[in-house]
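S.K.: Take a look at the letters that make up each chain.
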Amino acid sequence: MVLTGLAVVFIGLAAAFLSDSWGYPAPRVKIPLVDKAILDPTTVRRTYADLISAKEDLSDFDCYACHEKGQPPPLRYDENHKLLIPEEHVNIVMGHGSHGRNNNCFNCHNETNLTTLQPRDGRELKLENSTELCGSCHGPTYRDWDSGAHGRSNGYWNTKLGPAVKKDCVNCHNPHSPRFPGRKPAPGPHTLHGTGEVTHTPESPSTH
Amino acid sequence: MLATGLAAVAASLKPLFEMEDITSAQQFMQKYYKELTPEDMAKVLQRIEGEVEKEYGVRPHVRDLRPMDGVEFVYALNLSRCIGCRKCVHACVAENNQSRSPEIQYIRVLKMPHGTFDLEKGDHNYASEQVPEKGFFYMPVQCQQCHNPPCVKVCPVNATWQETDGITVIDYNWCIGCRYCEAACPYWARRFNFTKPSIPAERLNPNMSYLGNRPRSQGVMEKCHFCVQRTRAGRYPACLEVCPTGSRKFGNILDPNSEISQILRTKRVFMQLKEDIGTNPRFFYYFDV
Chain A
1 MVLTGLAVVF IGLAAAFLSD SWGYPAPRVK IPLVDKAILD PTTVRRTYAD
51 LISAKEDLSD FDCYACHEKG QPPPLRYDEN HKLLIPEEHV NIVMGHGSHG
101 RNNNCFNCHN ETNLTTLQPR DGRELKLENS TELCGSCHGP TYRDWDSGAH
151 GRSNGYWNTK LGPAVKKDCV NCHNPHSPRF PGRKPAPGPH TLHGTGEVTH
201 TPESPSTH
Chain B
209 MLATGLAAVA ASLKPLFEME DITSAQQFMQ KYYKELTPED MAKVLQRIEG
259 EVEKEYGVRP HVRDLRPMDG VEFVYALNLS RCIGCRKCVH ACVAENNQSR
309 SPEIQYIRVL KMPHGTFDLE KGDHNYASEQ VPEKGFFYMP VQCQQCHNPP
359 CVKVCPVNAT WQETDGITVI DYNWCIGCRY CEAACPYWAR RFNFTKPSIP
409 AERLNPNMSY LGNRPRSQGV MEKCHFCVQR TRAGRYPACL EVCPTGSRKF
459 GNILDPNSEI SQILRTKRVF MQLKEDIGTN PRFFYYFDV
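Protein sequence lines, in the order shown, are assigned to chains A and B. Each residue of the first sequence is one higher than the one before, starting from 1 at the first, in the working numbering. Each residue of the second sequence is one higher than the one before, starting from 209 at the first, in the working numbering.
The reader is advised that the hints may include incorrect statements.
Stated by the list, open to error - Calculated cross-link-like contacts (lysine to any residue; reagent style SDA-like; alpha-carbon spacing at most 20 Å): (1) B:K222 x B:A211; (2) B:K222 x A:G12; (3) A:K126 x A:A49; (4) A:K160 x B:P275; (5) A:K160 x B:N465.
What the hints assert, rightly or not - Here are the in silico distance ranges between beta carbons for each label pair: (6) B:N488 x A:L33: 30 to 40 Å; (7) B:T372 x A:S59: 47 to 57 Å; (8) A:N129 x B:G258: 49 to 59 Å; (9) A:N104 x B:T372: 55 to 65 Å; (10) B:L273 x A:R179: 35 to 45 Å.
If you are wondering where the hints come from, they were derived from the structure by calculation, not from laboratory data. Source: prediction; values computed, not measured. Built from N, CA and C at the ideal position, the CB exists for glycine as well.
All chains should be modelled from the sequences, with the hints used to inform the complete structure.
M.R.: Here is the structure:
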């Protein structure tokens, strides 16, 4: 009697183990692989120097294909003193600096030679040396960039073993509207089981 | 009666048969990392290359890179620049052959409200449409490579230790998976492989090192090792190279002219995380201004 009872219990247990009646392990969330674009370490923009070294088409930078030499292009403003962007340059968004004060193309471009840049100190800089132009106004940032505290560097920390690649201002910033645009963040961590949805900790109200 | 007993035994042994890879005899007999002669190590590396090739169909290049003389690594992160895009998290996963499902990630990005450093207020599950959000800053946390690492002290088998260049490493073949180090770490930096890691073969990074990113097995710990397979060969870590804002800085603190030395000297370096507990991290957070 006892033996039969035990046998029944054991058979029951064995059946339960084999059929996973506890539902263990619980089904796991299927986590999709991330988009390879997230893993890409290249910068969002390419500088004039990058285009030269990649031997790419530079016809976009041939200002005098349209403009007339020796004749500074006129700037036109609306009644609020906002610069009117000509149709040919419609892709330019004037967003450099606040309050619309920086609304003169020739604060940076050289009006007498459009293929060069001109900082306020009167120097004439080639397009590929734009970082010096930025530095002529943004002194502390230029100092930080020069010492490596600001900006991106790729390649080798140990320059004896390989080259360190230091990125220029315009590799990351659009000179016409340099503020970083917001972006969608890469996917956050997933839960192991369940729906894969994560519960958020309540956001504290901003104190700023 | 006998049949019942056998069935019960078979059922209780079931998990054993679900273990996919039984440790090879060679692997089982392998000596402690620090006792391996160069010849032993060459054999071990070859064995690992074979194992990886058998499993993933990709022949990796596994090296045992040692610390360089006169080098101590330090990391610095600019909190004024980080936008919380989490690119570093995924670049790290790709570089270091971490499990994709279930996920193992070495970096957590905390979204913190302005005006506090209370980590309890940090949210690492944020799913904002756009970052950065107004009123918040973002603080990535990973292994801090402490000078005084609590995780090393608690390891009962010395499977984890601090190397001369400051990196705390794990010998995955020596780890017994007791997870004491996970409990001891104040920075939630250690991860445990509850299952066999799943890595798609086409995403496997074949540039591997013994103490770094070679595929781990089930039941061992892993953590950020400053990409030893890259940094001990002179390169920057993967998380740094992918950062779109240049918030991440890395280098040799013993070289007074290195980027990192200049940052720590001239910038407003405000803290090591939880510096009051005396771990003395090699990971610094700093601000512009």
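S.K.: Each of the hints needs a verdict: does it hold here or not?
M.R.: Going down the list of hints, with the structure as the test:
Taking the CA atoms of K222 of chain B and A211 of chain B, the gap is about 16 Å. The hint holds against a cut of 20 Å. Between K222 of chain B and G12 of chain A the alpha-carbon distance is near 16 Å, which keeps this suggested pair within the 20 Å criterion. Proposed proximity of K126 of chain A and A49 of chain A is supported: the alpha carbons are some 10 Å apart, at most 20 Å. In summary, the hint linking K160 of chain A to P275 of chain B is supported, as the alpha carbons are separated by about 16 Å, within the 20 Å threshold.
With a C-alpha separation of about 14 Å, the suggested pairing of K160 of chain A with N465 of chain B holds against the 20 Å cut-off. As the Cβ distance of N488 of chain B to L33 of chain A is approximately 38 Å, the hint placing it in 30 to 40 Å holds. Against the hinted window of 47 to 57 Å, the Cβ-Cβ separation of T372 of chain B and S59 of chain A comes to about 55 Å, which satisfies the hint. Separation of N129 of chain A from G258 of chain B is about 52 Å and conforms to the stated range, judged on CB atoms against 49 to 59 Å.
Roughly 57 Å separates the CB atoms of N104 of chain A and T372 of chain B, a value that falls within the hinted 55 to 65 Å. Our hint of 35 to 45 Å for L273 of chain B and R179 of chain A holds, since their Cβ atoms are close to 41 Å apart.
The structure agrees with every numbered hint stated previously.
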